[in-house]
Structures are given as C-alpha cells and as structure tokens.
Amino acid sequence: MHTAEPIEKVEGPSKVTEIRRFRVFRYKRGDAESHYDEFDVPVGPRASVLDALRWIEVHRDPTLAIRHSCFHASCGTCGLRVNGREGLGCVTFVRDLGTTITVEPEANIPILADLVLDMREFYARFPEQHPVMRASEFLPRAVPPDGMDGYERFEDCIECGLCLSACPIAATTDEYVGPAALAAAQRLVEEPRGADTVDILRWADQPDAVWRCHAAFECTEACPAGVYPAERIMDMRGVLVEGGPRRRAPVRTAAHEGARP
Amino acid sequence: MNRDGRDLRAERGPVLRKGVGVSPSGWFDPRGRTIGGWAFAVNRITGLGLVFYLYLHLAVLSLLLGGADAWNDFLRIATTTVFLLLDVLLVFGLLYHGLNGVRVALIGTGLVPGRERALFWAGTVIGTIALIAAGLHILGDA
Amino acid sequence: MASDARDAHVLIVGGGGTGGALAHDLTLRGVRVTLVERGEFTSGTTGRHHGLLHSGARYAVGDKESAVECIEENMILRRIAPGSFEENDGLFVAVTDEDMAYHDDFVRSCKECGIPVQELRPDEALRLEPLLNPELKAAVRVPDATMDAMRMPLRFFATAQYNGAELFNYMEVVDLILSNGGVGGAMVHDRVTNEQRQIRADITINATGPWSERIAAMASVDVPIRPSPGVLLALRGRLCNMVVNRMHRSGDGDIVVPQRALSIVGTSSWTVEDPDDLDVPDDHIEKMYEEGAKLIPAVRQAGFRAAWSAARPLIGSRGDADTGRELSRTFKTFDHAETDGVEGFVTITGGKATTLRGMAQLCADVVCRKLGIDAECRTRDTILLPHTAFYAATR
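Protein chains in written order, with our numbering: chain B, 1 to 261; chain R, 1 to 142; chain S, 1 to 395.
Hints listed in this document are in silico derivations from the structure and should not be mistaken for laboratory results.
Please note that a few of the clues may not be correct.
Covered by chain R, per the in silico footprint, the following chain B stretches (three or more residues, Cβ under 8 Å) [what the hints assert, rightly or not]:
1. 35-46
2. 71-85
3. 95-107
4. 155-169
5. 211-220
Here a beta-carbon is modelled for each residue, glycine too, at the ideal position from N, C-alpha and C.
Start from the sequences and build out the full structure, keeping to the hints where you can.
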C-alpha cells in the first residue's frame, strides 16, 4: 500500500519527435573486414545514443552486439566513439549531435564484435594493485556516526577505456600502459590503504609508463568520471622527480568540479 | 563458435586505430581531437619541420665552402618573396614549438598545475604578436 | 541422471546477478556449468539498480520474510565480497506527521527482524548528513550500504570462471531443445561470430529475470512473472554519504543512494508486457525530483546526469496488481517437472540484488537434488575474487 499518490499507469513508448540516421560499425569474428550499417531510428527529446542502439537491437537487428549495464555513467561499459569523439553512450544525447550519427567502438583495444571490446588488454595494463575505495571527500563538514572513522566511497574511475581510446600515444603503440593505469597508480600513491607505494612507483618509473605521456590531455577531456588522468600523470612525475609522495594535495579531483559532461 | 576448427572467440580481434592505418601514424588523426590534442600534434609537426630545417640549414651553410660566388648565388634566392615567406613560416615553427614546449614543461613539472588551456591561449597571444612583428620585419624590408 | 557432480552439465540462461551467483554456487559443488547471456553480464536488470545493499528495513513492517532474507544476505555479502561496499550505513528519515506515525512500528519491526537500528534526533541526523531536509522530525540509522551494481556481481562471475565455469556473453538462446517431454539444452546464437549451435545439458536453469516468461514459453511453460519497471534519476554531486530513505511503508522516489560523484534518486513502479521496450516517462522523472527533494532539498538544484528505467521481476499471478508493488519481492524456484511435467528445466526468479547469493543457494539445492548430487553449498564462506580477475588474460 502506498502512502504517496500513485502515478498513472504508463502505456506505449515515449514521445517520438524525429527520425535520425545512425551509421553503426559492424564486425563479426571471421569477417574479412568491418563495414557500416545504416538505420533510421525514431528518437524522443531525451534519447541517448545508447537508447537508439537498443532500439536498433530490439526492433531492427537482434544480432547487434552492444555493451551496457547501468544506464547512468557508473559502470563504464558503454564507452563508444560517436562522430569520432569519445563518450559514454548512455549520457551522449542525440539532440546534441548532427544529422547522421556515426557510432564506432573505442580505439586501441581489441574488438570482440560490433561495438563491443574485449577488455582483457585494458585491464592487463593496470598495476597488480588496483584501487577500489577512497575516503569520501564530499561534504567535509559531515561527521560520521559512532563506530566509523570516516565515510568512504568508490574510486572515480569506472574503467571505461575512453581515456585510452583518446590518447594519441596509445594509438601508436600497445606498450604504453596508458592514462587509466597511470591514474590508478597515482591514486594508490596518494591514498595507499595498505598498498606498496614503492612497488607502484617502480612500476611507473619506466619509459613506457609515466614518461611516455606527451601531455596532449585528450584523456582528461574524454574522461566522464572526473579522474583527470593527465593531471594524475603529472602529479606522479612530480613524485618521482622529488623522490617521494608530495605533501600538498593533488590537483583537481572530482570534489572540485564534479563529474564532467 | 568454431569455423574450420578455429575457436573464433578465442582469437584476438582487430583493433580500431586512429591514423592512416599504420601504427606509428596514430597520433596524426584529427578526428575527435580537442585543444590539447591539437597542441600536441602541431608540436610534433613543427618539431619534425624544425629538424628538417636544421639539416637544410647546414647544407646551405656548406655553400660557404664554395667561396663568395656560391654564397652570393644563394643570397639572391634567399631574398625572393617566396623565400621570405618561408622564413616567416620558420619563425612560426620556432615560436610555436618553443612556447608550447615551455607550456608542457611548466605543466609536466607541476610548476603550473592544471592550467594547460590557459597556458595554450596565453602562448597563442604572445606567439601571434611575436609572429606579426617578425613578419613585418622580414617582409617589410623586402 | 548423473550422481557424480562432475558428470552433470548445467546450462544457466541469463547472466544477471542471479545467474552469476548460481554459476559460482554450482561450480563450487563440482558441477560443470555453462552460462549464456545475450548481452553484457548484468545488462538486463541487475546493472541498472541504484546500488543499494539492503538492510531490509524497508520491508520490516510489511514483508518480514523479505526483511529477514535481506539482513542475512547483507551480512554475508560484506564478508564474502570485502571491499565492494561503501559501508556508510543508511538513514530512514521521517519528514511528515504521517511518517512519525509509522516510526515506532518501524523500529519495533526492524528489531523483530534482527536489523540493528539506532534512533536519532534531528540535530544528530543533520550532523551525519548536513544536506538532509532541516525540517526532519526523526531519523533511524540502519545497516544499509552501497555497492557498484555491476562490479559486485561480477565477482561471482570471476570466481566461477576461475573455478572452471564457462561463461559466454553475447550468446542468445533462440530456442530450447525439447526431447522426451523435457528440456535437453538450448539452441544459441553467438553474436560474436554470427553462428548458431546447440548446447546440451542435463538441467537448464532459466535465470532471465523479467524475461523469464519468454524463455519459459520456449518449453510451453508459464511462469507468473510480471516485469515491473521503475524510473531512476542520476544527479550530479554526491549529496549524501549514507543511503537516505523515507520513513514510510513504500512509495515512489523514497530513496537517495550515493554513487561515486553522483546521487541516485529512485524509484517508481508500473507493469509492462515487454521488458525490452521500457519507457522513461517525464512525470515519473518529475516525481523523483519532488520526492527526493523532501529528503534532501539540494536534489532540486542538482544537475541532471541521466534518467532510465529498470524492470524488476516480480512474482505473482497474471491479473494481479497493476502497480507491481503489491506483488511479493521474495524469490522462488520453479521446478517445472513438478509444476508442469517438464523435466530438466528450472526457473529461478523474483528477489532483489541484495539476495543474489541466497537465491542461488535455494536454486542450486533444487538442481542438485534433481541431479542426485549430494553436495553442500559453500558460498556463505567462500571469499570472492576481485572483479578485475574476470578480465585476467589467462582463462
């Protein structure tokens, strides 16, 4: 039994306001090469690229392989390149895009099929120790209840791979560990929680690790979760040059600016 | 899952690369690029250009070994308008590469953290003024 | 039928939390497991929820069975999946006089269900969560927690895979294989290679959540599942660290859950026929803003990140309840040999994200009994591998 007013029962699809053309990258294992399929998709005012891809899967082509899970930029599984630009499909809105929308998988990681990547090579670049939790920096005036030293939360990185896709150096070589791995390593240096920071810094102090970056900052531009990988890489260089973790706070965390668009 | 006995799923799939198909060109692809990416790409291009220029310059200087006549022949070419315009291009390359280099150094060492865009625009302003001044000086006397 | 676990082959259809937990449970019992999921694991319903690890307090008054299931599984999950929860606890907040009338019943019922509670004055609550509605009348602290809706279940998949289960995403069941009045496996379409093949199994488990009816229909069997979607809203900014719930029986927009640098407000409820065609109605989104703001006024000004729908699988019979809330939230295993005379086919459905391990245990018990396998459940005490292990290069 509700105490709140029940909302009216819902019938039918959301209001459709227009038809948009989508060019979708297709590739199945065993194909000689990839190709693009075109679909005309009915979309409403709030439709995302992921909504459109789901419509294609359900109403036009059930063989289309797309990757998604949370629909709200928390799981990082729907990373795509839309009109050449990296972004999460669930929060890339059709109304912000042009007449024809080209959808491709992320770059620099092997493709499983269609728009789906085989993420094993992404995770393989990370150091052994993988940061998952951090102290929650939000609402600093909040006092946690008895029995708790502080509030904790998940690390910002949602492991979407958009940074690696955007990186011009990652485009030239698979040896570069990449922004996500380096940002993760620097987070462990900033907040070890029992991790071996000496080991982490040794891992980072390699030609194909922290020194391979050329400061293009495309990774920070692409990141949907406020990780600021380029800034983390620069912080880590500072750590290595100064011979140990710095005392001052790292630059521009999610606390300062919130999640990026 | 098996075609001709191969486990297709277990094979490594193709990788989408930016660039012109060859791996080392991946940095060159302009699609989806933002300010920082352009700054990096143009830095590379000007760097390559300046290296090329350096060798060219050494080759030109070696004309001095050929005596006054060889050098004077060269000077005649060197004062044509086309050549002077190339000189302006050279100045652009030097200014861009130098100023962006300073920018990257300031960010990379953490001396000016988190201000890569502001530094880019500041460098653009300084560089444009310097380029105009140099251009007027080079072409003005032509 | 095999009586040695290693000879038995079980096919699990559906790669949500339940399927993953089942693959893990059965693999630990020595059974050979194949799991097929038509999309990415948790892409159906599991990955879309707000991430709440239930204390069960929401059900303490109206559905004690559910509440007890929740608090037990809550404690087990914290033990077997350490590091996968923001263990910041939760608050139930009374905002109106009506809420206050519910307060004493709520506290007493929680205690009866074994859910630890702590009563708080408004000023105490505001110290814990400064952005709460300053007009709140009372608050109760409960052992809620926050999980990553995809990564926590992925640990079950990682562990099952490590122990030998074969897990295939992008493999869709297009038909069940019927022989001798029973189900002998499934015909699958592989979206990676665009090829079809048969997977034969002694028992096929339907763990497809709101799609349960679609798979059951392939065996001409009916399961009483109503897909019941609800709208959720993600806002920019972490407005709370604890889970914030409205202290009332049940209603729309009565929870705010932190997720990294976002705040999720949920949810609503209606019923549909097709879980693949979910609407995200504007008036439901507006309701989330309205109700969420009663708990945390800053919800009103917070920037919009996303709005989406997720379909819960609710158990009931056809013709029951239009809104879905009245249907039971407990989970059930249907052995179709008993209910419909169809051998080799079992459906597990209902439940919620918090109870995935418990659901899997119940179903695995049924399946092992059918197979004549005598093997105890070991999932209560087996620590799960981290989610990153799922992507380990060596498989």
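Now the hints, each set against the structure:
Chain R is given as covering the region 35-46 of chain B, and this is violated because 0 residues of the stretch bring a CB closer than 8 Å to a CB of that chain, at least three being needed. Check result for the region 71-85 of chain B against chain R: holds, 4 residues qualifying (beta carbon to beta carbon below 8 Å, three or more required). Under a criterion of three residues with beta carbons nearer than 8 Å to beta carbons of chain R, the stated coverage of the region 95-107 of chain B is upheld, 4 such residues being counted. Given as covered by chain R, the region 155-169 of chain B passes the check, having 3 residues with a CB less than 8 Å from a CB of that chain where 3 are the minimum.
Taking a C-beta to C-beta cut-off of 8 Å, the region 211-220 of chain B contributes 6 residues in contact with chain R, enough for the three needed, and the coverage statement holds.
Comparing the model with each numbered hint stated earlier shows that hint 1 is the single one that does not hold.
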